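Undergrad: Each chain, written out:
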Amino acid sequence: MVKLAVNIDKIQLKNPVLTASGTFGYGKEFEDFIDLDRLGGYIVKGTTLHPRQGNDYPRMAETPAGMLNAVGLQNKGVDYFIDSIYPELTKYNSHMIVNLSGSTVEDYVIAAEKLNELEHMPAIELNISCPNVKEGGMAFGVSCAGAESVVKAVREVYKKTLIVKLSPNVTDVTEIARAVEAAGADSVSLINTLLGMAVDAEKRKPILSTVTGGLSGPAVKPVALRMVWQVFNAVKVPVIGIGGIMNATDAIEFMLAGATAVELGTANFIDPAVTVKVVEGIEDYMKRHSIDDVNDLIGALEV
Amino acid sequence: MVKLAVNIDKIQLKNPVLTASGTFGYGKEFEDFIDLDRLGGYIVKGTTLHPRQGNDYPRMAETPAGMLNAVGLQNKGVDYFIDSIYPELTKYNSHMIVNLSGSTVEDYVIAAEKLNELEHMPAIELNISCPNVKEGGMAFGVSCAGAESVVKAVREVYKKTLIVKLSPNVTDVTEIARAVEAAGADSVSLINTLLGMAVDAEKRKPILSTVTGGLSGPAVKPVALRMVWQVFNAVKVPVIGIGGIMNATDAIEFMLAGATAVELGTANFIDPAVTVKVVEGIEDYMKRHSIDDVNDLIGALEV
Amino acid sequence: MKKSVKDLIILENECLNDDSHKIVFQAPDVDSDILPGQFANVLVKDSQTTFLRRPFSFYDVDVDEKSFSLIIKKVGDGTRKLCSVRPGEELSVIYPLGSGFTTPEKDEKVLLIGGGSGIAPMMLMAKKFAPQTSNIHILLGARSQKDHIVLDEFEKVGNLLLTTEDGSIGEKGYVTNHSIFKEISSFDKIYTCGPNPMMEAIGKIAKDNNIFCEVSLENTMGCGFGVCLCCVTPTQEGNKCVCTDGPVFNINELKW
Amino acid sequence: MKKSVKDLIILENECLNDDSHKIVFQAPDVDSDILPGQFANVLVKDSQTTFLRRPFSFYDVDVDEKSFSLIIKKVGDGTRKLCSVRPGEELSVIYPLGSGFTTPEKDEKVLLIGGGSGIAPMMLMAKKFAPQTSNIHILLGARSQKDHIVLDEFEKVGNLLLTTEDGSIGEKGYVTNHSIFKEISSFDKIYTCGPNPMMEAIGKIAKDNNIFCEVSLENTMGCGFGVCLCCVTPTQEGNKCVCTDGPVFNINELKW
Ligand SMILES: Cc1cc2nc3c(=O)[nH]c(=O)nc-3n(C[C@H](O)[C@H](O)[C@H](O)COP(=O)(O)OP(=O)(O)OC[C@H]3O[C@@H](n4cnc5c(N)ncnc54)[C@H](O)[C@@H]3O)c2cc1C
Ligand SMILES: Cc1cc2nc3c(=O)[nH]c(=O)nc-3n(C[C@H](O)[C@H](O)[C@H](O)COP(=O)(O)OP(=O)(O)OC[C@H]3O[C@@H](n4cnc5c(N)ncnc54)[C@H](O)[C@@H]3O)c2cc1C
Ligand SMILES: Cc1cc2nc3c(=O)[nH]c(=O)nc-3n(C[C@H](O)[C@H](O)[C@H](O)COP(=O)(O)O)c2cc1C
Ligand SMILES: Cc1cc2nc3c(=O)[nH]c(=O)nc-3n(C[C@H](O)[C@H](O)[C@H](O)COP(=O)(O)O)c2cc1C
Ligand code: FES
Ligand code: FES
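Those protein sequence lines, which keep their order, are chains R, B, C and F.
Residue numbers for the first sequence follow the working numbering, so the first one is 2 and each next one is one higher.
Residue numbers for the second sequence follow the working numbering, so the first one is 2 and each next one is one higher.
Residue numbers for the third sequence follow the working numbering, so the first one is 68 and each next one is one higher.
Residue numbers for the fourth sequence follow the working numbering, so the first one is 68 and each next one is one higher.
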């Protein structure tokens with residue numbers, strides 16, 4: 002038997018496969034397709050203090066080997082999550098993690114305080130990198146000062162594992178990573194979506210109602226791998242790799258580049274059973290390469 | 002007859018289709034495939050003051066809908082270009098433009114002075130965004146101060162049309178665009194490649210000898226379109242759109258987003274006759290949409 | 068019936084006209100739970116331009132033969148590619164997805180209106196309820212006679228009415244110009260699927276005449292099963308997902 | 068012959084063994100200028116994983132029939148896809164590319180050595196010069212008997228020698244273990260194509276014995292016609308492009 006468990010701060014994940022926020026609903030939408038308990042954990046929908054309607058349709062555009070989205074954090078707010086969703090999710094024993102967004106530092110803090118009380122939720126992922134909302138969101142994630150201010154404030158009230166999700170839309174991602182580590186993050190996850198745009202040449206209009214949106218899928222994988230590698234070499238906290246992971250080989254590439262765990266996003270849309278296949282594929286790879294402990298893959302790239 | 006001519010500063014291009022540096026050799030390599038005189042112009046290989054051997058093999062990795070390269074500006078230097086290449090190229094009547102790189106401001110300036118003397122070369126494209134060289138290159142292009150310093154210095158000695166090629170590896174591309182415009186650029190072209198990485202999971206090694214390299218091809222098109230649109234709305238000088246353009250529809254999308262002309266790069270590898278097909282495709286589109294003047298497409302996106 | 072993602076064998080690919088194909092899938096687990104209006108989300112293999120799945124309404128479900136069929140109209144790279152599939156090949160399908168049309172009562176007079184590729188769910192609707200009622204009227208609109216497909220199939224399951232924009236078959240004009248609308252108040256329920264402008268016009272008539280009306284929307288989809296929130300339509304209760312809250316909506320729910 | 072990019076009709080796709088196919092292209096403009104060692108760069112259509120073209124050496128050129136053939140070994144998605152092409156379909160090909168092997172003199176004793184997919188250019192080489200000399204020796208190496216393909220074709224054009232790693236046919240061992248190397252100094256010229264370690268070993272022997280030796284490299288390529296500078300190999304005169312300065316190099320040019 003190969004050992005698949007990895008640690009993110011105080012949390013032990015039974016394997017390195019997580020799901021990316023905004024692509025996995027609340028998890029329960031996948032019940033028909035997979036056994037959620039096979040996953041290392043699942044990160045649910047981006048949640049904000051107050052309910053949000055999100056952006057207007059169209060919110061999606063297909064692009065070469067990827068897609069743009071401009072959902073804009075549609076969700077019913079943190080109280081609704083706590084009262085109506087959370088209790089249902091406690092039946093799964095895989096770790097549930099919520100992704101938290103906000104427009105102001107205060108919003109983040111109030112919501113984080115509430116989430117701190119949830120016994121069966123060992124961590125939050127702080128989204129300081131959403132490119133699809135006018136206020137807050139990415140604005141925090143693209144400067145060291147902005148990132149630091151949110152993370153510091155949330156750290157004060159949130160006592161469990163604090164994962165901070167980084168934006169790729171920056172000149173130097175290692176700067177931001179170091180800033181959030183210094184501000185108290187227990188782990189960093191990256192990348193969120195790359196800011197992009199799609200045009201309908203026939204209609205001479207942007208495809209998205211918001212003109213620009215966030216690019217995800219295999220197209221972004223090279224950029225994501227590079228940033229994971231850079232950040233792995235810049236910080237001490239565990240790195241979670243995200244961006245265009247479609248299969249076990251992709252996941253292993255991220256681990257070799259320094260990721261302790263990975264999140265699968267867009268891949269879930271193409272194959273809702275992909276996460277479990279990736280867990281199995283990592284196991285296969287380890288057997289073929291005679292690797293007993295998945296931790297031996299982390300950052301094992303020979304350069 | 003539809004009118005295809007566009008102006009970049011003082012230069013009139015017979016149509017908006019150019020080629021991207023580093024993907025079109027010196028042009029003459031395409032003689033068997035196309036009539037170079039059908040193009041709006043062609044931008045030749047990245048040239049530096051001194052000869053460069055470039056990076057070690059492997060310099061290339063295929064990625065989803067794109068490729069990474071780490072050529073590292075292999076070239077025989079500006080004097081060789083002037084003495085041995087330039088005279089041969091004067092036989093074509095399409096505009097020839099050289100792409101100029103450097104490790105120091107001084108290097109840029111000395112080379113630009115030499116290029117200023119070439120009668121049949123109406124412009125240079127200043128590459129301040131090459132991600133594949135250790136010194137200079139992208140370093141200049143990712144800060145306003147760096148970009149400004151090179152452009153100002155070159156502007157002093159280079160009297161013809163000065164196009165500055167921008168890096169997409171920045172937090173805010175409009176800042177850099179404004180800085181180079183203020184420093185005297187007559188036009189900006191974007192994007193150069195996105196910094197990325199590829200890993201061989203089986204060998205547990207990076208694929209490129211340099212670990213990271215520059216991502217190009219359709220994968221980057223959404224990011225490129227977004228940046229062209231942002232820069233078009235930020236500067237007054239003409240914008241040249243680059244990034245993943247594979248056909249006429251893509252070219253038109255860039256023009257609608259604000260590009261006065263476009264450069265085709267990686268597409269030339271897949272189809273060495275693609276540039277002429279794009280010229281024809283733009284003409285077709287204009288006829289179908291009853292557009293007489295291609296200039297009417299520039300920035301015509303209805304938002 | 069549980070949702071699943073499966074590789075299904077293609078049993079048949081019948082070309083219906085220049086644009087449209089009927090494709091029959093072997094589906095060992097189909098049962099009679101599948102409702103008209105529900106859809107399948109099909110993966111386009113081996114395409115450089117088609118990354119996401121493509122949704123299609125069930126046209127027919129054969130519980131005995133364990134198969135279902137879709138009608139696919141070629142509008143872009145994905146549908147073109149799907150229409151070239153050969154019997155014996157496999158396609159990955161997620162199904163059944165979405166909500167269905169509500170069931171009309173036995174004695175109700177029902178009008179089914181289909182336009183373009185929106186005719187598909189109307190067939191399953193008519194087939195499901197034909198045994199219970201003789202009062203099904205089916206109105207199909209198209210540009211021209213050659214665009215009207217599977218008419219003989221529709222004739223078997225209801226009273227068939229046609230319009231064409233060029234008058235080459237049926238009444239001339241859009242579906243909403245059809246003379247049946249003169250007696251629209253005699254209908255109890257209208258079900259429709261087709262281009263949005265058509266459905267909006269029908270919705271307006273239904274509202275004006277206080278007739279129950281359900282429409283099936285065709286918003287572009289990221290996932291098809293309620294997790295990406297890309298397919299939303301504004302409703303009286305805020306944005307709702309077309310793929311899970313719909314594709315079928317009562318017109319009173321929508322902001323039309 | 069001018070280089071061109073063309074959609075060529077596939078005339079034949081012959082499966083040679085589990086891994087390799089011979090694919091015959093109709094090519095109206097082929098002429099006898101095409102040299103052994105030159106290659107064609109083939110576009111893989113309809114693949115989500117294969118973006119760039121794939122280069123293959125000419126295996127045979129039939130100037131009368133206006134066709135050429137390639138031998139393609141399945142090693143990844145691109146080659147797998149190409150091996151599934153059907154006669155009548157078209158593939159986009161850029162050809163002819165690269166430099167060829169130099170022509171041996173009439174009376175010279177020549178050894179052609181092929182390993183793996185590197186056997187392809189050796190066939191064209193042998194065919195071109197077989198009429199002029201009886202002194203062609205062809206040494207082919209593979210893992211096992213089943214990996215040796217088109218042996219009957221090679222027998223027609225020279226004195227065929229074989230090795231296998233498992234000894235199932237020919238001499239046991241690598242090509243460089245073959246007994247012919249005992250008399251290597253009797254050869255005037257060696258031409259080889261195959262895995263780099265094999266070619267390096269051969270190159271060393273050639274150098275030691277002062278024998279003229281050309282090798283054909285298989286670096287991965289971005290363009291195939293000299294514009295991307297991705298396929299370089301270090302030479303005595305600095306980095307050179309395998310696609311235009313090669314793929315054939317004299318071993319003395321290389322830094323081996
Ligand atoms: C619930 C549902 C049920 C459907 N049922 C059927 C059916 O039974 N039969 C059938 O033929 N089609 C049906 N469709 C539509 C079908 O999904 C699209 O035609 C298909 O996805 C287009 O794929 P493509 O790759 O060929 O086109 P693309 O290349 O993606 O697009 C081609 C053109 O069509 C437009 N387009 C694509 N999808 C849509 C859309 N959903 N709404 C508006 N414009 C669009 C694009 O903007 C573009 O201009 C249904 C859609 C939905 C959401
Ligand atoms: C000038 C030239 C002539 C060639 N002639 C022939 C020929 O006649 N017959 C033939 O079968 N093949 C030939 N090849 C090799 C052939 O081009 C590759 O096998 C093919 O490109 C692989 O494509 P793929 O998509 O199947 O594999 P990929 O999925 O791209 O790669 C699969 C595996 O093979 C490795 N690989 C791919 N290409 C190369 C390479 N060029 N060098 C080393 N490793 C590689 C990859 O690293 C990967 O591990 C030639 C190559 C060159 C450059
Ligand atoms: C439709 C959609 C919605 C998303 N919503 C969120 C979100 O609410 N919060 C967040 O941090 N990231 C969100 N993301 C980003 C993903 O979590 C992930 O970082 C990104 O998609 C890259 O991974 P991928 O290429 O595997 O999809 C969303 C992505 C998509 C495609
Ligand atoms: C192999 C290769 C070499 C390149 N060399 C240069 C260069 O020397 N100078 C430069 O400014 N850009 C260079 N580029 C970047 C391209 O000019 C272009 O900006 C980029 O590839 C994006 O366009 P594309 O997606 O159409 O290829 C190179 C790109 C490739 C793929
Ligand atoms: S398509 Fe993803 S939620 Fe409806
Ligand atoms: S493959 Fe592009 S230069 Fe050789």
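Honestly, the hints are just simulated from the structure, not real lab data.
Because the structure is a prediction, the values reported are computed rather than measured.
Among the hints, a few may not be true.
To give an idea of the interface, some chain F residues facing chain B are shown, with a C-beta separation under 8 Å as derived from the structure [what the hints assert, rightly or not]:
id, residue
1, Ser71
2, Leu229
3, Ser235
4, Lys239
5, Leu284
6, Asn286
7, Thr287
8, Gly293
9, Cys295
10, Lys307
Note that beta-carbon positions come from the ideal geometry of N, C-alpha and C, so glycine has one too.
Undergrad: Each hint: holds or not?
TA: Hints, one by one, checked against the model:
1. Ser71: 6 Å, holds
2. Leu229: Since chain B brings no Cβ nearer than about 30 Å to F:Leu229, farther than 8 Å, the hint is violated.
3. Ser235: Constraint on F:Ser235 not satisfied, violated at 27 Å.
4. Lys239: 28 Å, violated
5. Leu284: 10 Å, violated
6. Asn286: 6 Å, holds
7. Thr287: 6 Å, holds
8. Gly293: 5 Å, holds
9. Cys295: 6 Å, holds
10. Lys307: At 10 Å from the nearest chain B Cβ, F:Lys307 fails the 8 Å test, so the hint is violated.
When held up to the earlier numbered hints, the structure conflicts with 2, 3, 4, 5 and 10 and fits the remainder.
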